Amino acid sequence: MTLTFVQRIGALSLALVLMAPLAHAVTDEVIVTQTVTSGIAINSPADVSMSRALTVTDHTAIGTSTWNVITNNNSGYTMTMHSTVVADCAGKTLCNATSDVGFTDLGTTTPATWSSPSNNYVFGFSAFGTRVNTGTYGTGSSCGASHAPSGSLKYRGFEGATSTLSVVNHTNTSAFAGDDTTVCFAVEQNGAFAPSGSYTATVVATAVTQ
Amino acid sequence: MFTKHTTIAIIAFFAAFPIGVSAYTIEQTGAEASGDFIIEPAKIEIVAEPGERVERVITVTNRAGAAREFTMSVEDTAGGDESTSVRLLGEADGPYPLKSFVTPEIGRFTLRHGERMRLPVSIAIPLDAEPGGRYGVVLFSGTEPGGERAREGMTTKLVSRLGALLFVRVAGDAREEGVLERFVKDDEGFEIVFRNSGNVHLNPTGTITIRTMFGATVEALEIEPYYSLPDSVRFRKVAWQREVPLGYYTATLSLNRGYDNLIDEARVTFFVVKGVSLVLTLLALLACALALWWVLKNVEIKRKY
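As you go down the protein sequences, you meet chains A and B in turn.
Going by this note's numbering, the first residue of the first sequence is number 232, and it counts up by one from there.
Going by this note's numbering, the first residue of the second sequence is number -7, and it counts up by one from there.
Hints were generated in silico from the structure; no laboratory data involved.
Remember, it's a predicted structure, so these values are computed and weren't measured experimentally.
You may find that some hints are simply not true.
Unchecked claim - Cβ pair distances, simulated, as ranges:
hint, chain 1, residue 1, chain 2, residue 2, range
1, A, S349, B, A212, 20 to 30 Å
2, A, T329, B, G164, 28 to 38 Å
3, A, D319, B, A59, 30 to 40 Å
4, B, D223, A, D319, 32 to 42 Å
5, B, R110, A, T341, 35 to 45 Å
Ideal Cβ positions, reconstructed from N, Cα and C, are used throughout, including at glycine.
Given these sequences and hints, build the entire structure.
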């Protein structure tokens, strides 16, 4: 039996209608979960030797070090600094372990443009970097020139071993390669000679997430 | 096989020199040298019952390119002010002390480059501990092996430390109290200040919705949960520097305090004035003024009578 064209279309349509209940779709869902563990990294820069020795005629010197912190913590991190105090050095941080003589810490509260008090020899620090508050530590982008502290940075002393001083307070993840924070150390003898000898300070940088 | 005396000698030897089984492990990761070391996780939150002992693992990976000696220490922490979210207290006791409860398995170890230490840290909550928070930090200092070296001249020895924050909540009826204190807009985004006046940490979270003067939503910024330690103020900055057209906008903050589903709302309005938009606006106003002047000068309107 042969069918006309119209009859074929009709038969095909009827077949599709009857088969429709058999051709149902089945769906399923898969939930994909990815955990990201928070972590934090910090480099270990080399110890810093100041740019020159203080002498009868050379009264200032500077030193530079850069810390790099990497973190994926979504609330960011803080970096603080403190210096260990040498008890035998009358609580001073840059100390001659042989003579127990030390440099006076440069002020203890708000960082300010470098100014060494008269009749004294002092040690202080400042910092700069993309995450450093320029309102606190100044707008400079170098530690100074010709062995003299930068006039665009603001300096302070270390205030003793138990007090950690905030340098970075960043509220997001770091850059993928990390955030660089450069710390500038400076010394000056003003109206009084630091006795000759070797002086050492231990400075600790600590990074934690927040 | 052994004589009685030999057996006694063997037992005495192992009693004098016990062979313990260490839970810490060291593995080689093959990491490339990048001059640093990493700790993970950076923060550990625990809920524990009084009298319970809990153990967590902190990993330390040395990527310094050379061997490093690591020294561990534990300090109490406390909340800060708007300039810092957490303060490390050194040898001082914190207001919610934890350091005396924390015992790392070892206090000093050396890792060669690429090695990772998985270090168990035990936290033992006293049986009489009151409900509420306890806060501390496990610190790792990495230095070159060999100790101090003689130095000439003026030298600053540098030490790098990383801290894994420990937040412990002693189970029970703790005092959860917090409130949004300030919400403002600045050039870089929005600033949020949250005060926690309870005795346990909170994790506020929320959304900032920015709308035009006509109510259309420009953007909704999610604020991921962040911690706020007890008896402290927590400052949080949310960056927003998206270019939007000249106009008047409203930003609404909905901040969940992190307990009892309490939500604080605050609103700040701001006007966006951009250089190009301002010039175009002034030109448009000038054109309108000139058109009005020309009409007044050249067009006369008369009534038909």
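Hints, one by one, checked against the model:
1. A:S349 / B:A212: 20 to 30 Å: Once the Cβ atoms are compared, 58 Å apart, the range 20 to 30 Å for A212 (chain B) and S349 (chain A) is violated.
2. A:T329 / B:G164: 28 to 38 Å: violated, 56 Å
3. A:D319 / B:A59: 30 to 40 Å: holds, 31 Å
4. B:D223 / A:D319: 32 to 42 Å: holds, 37 Å
5. B:R110 / A:T341: 35 to 45 Å: holds, 43 Å
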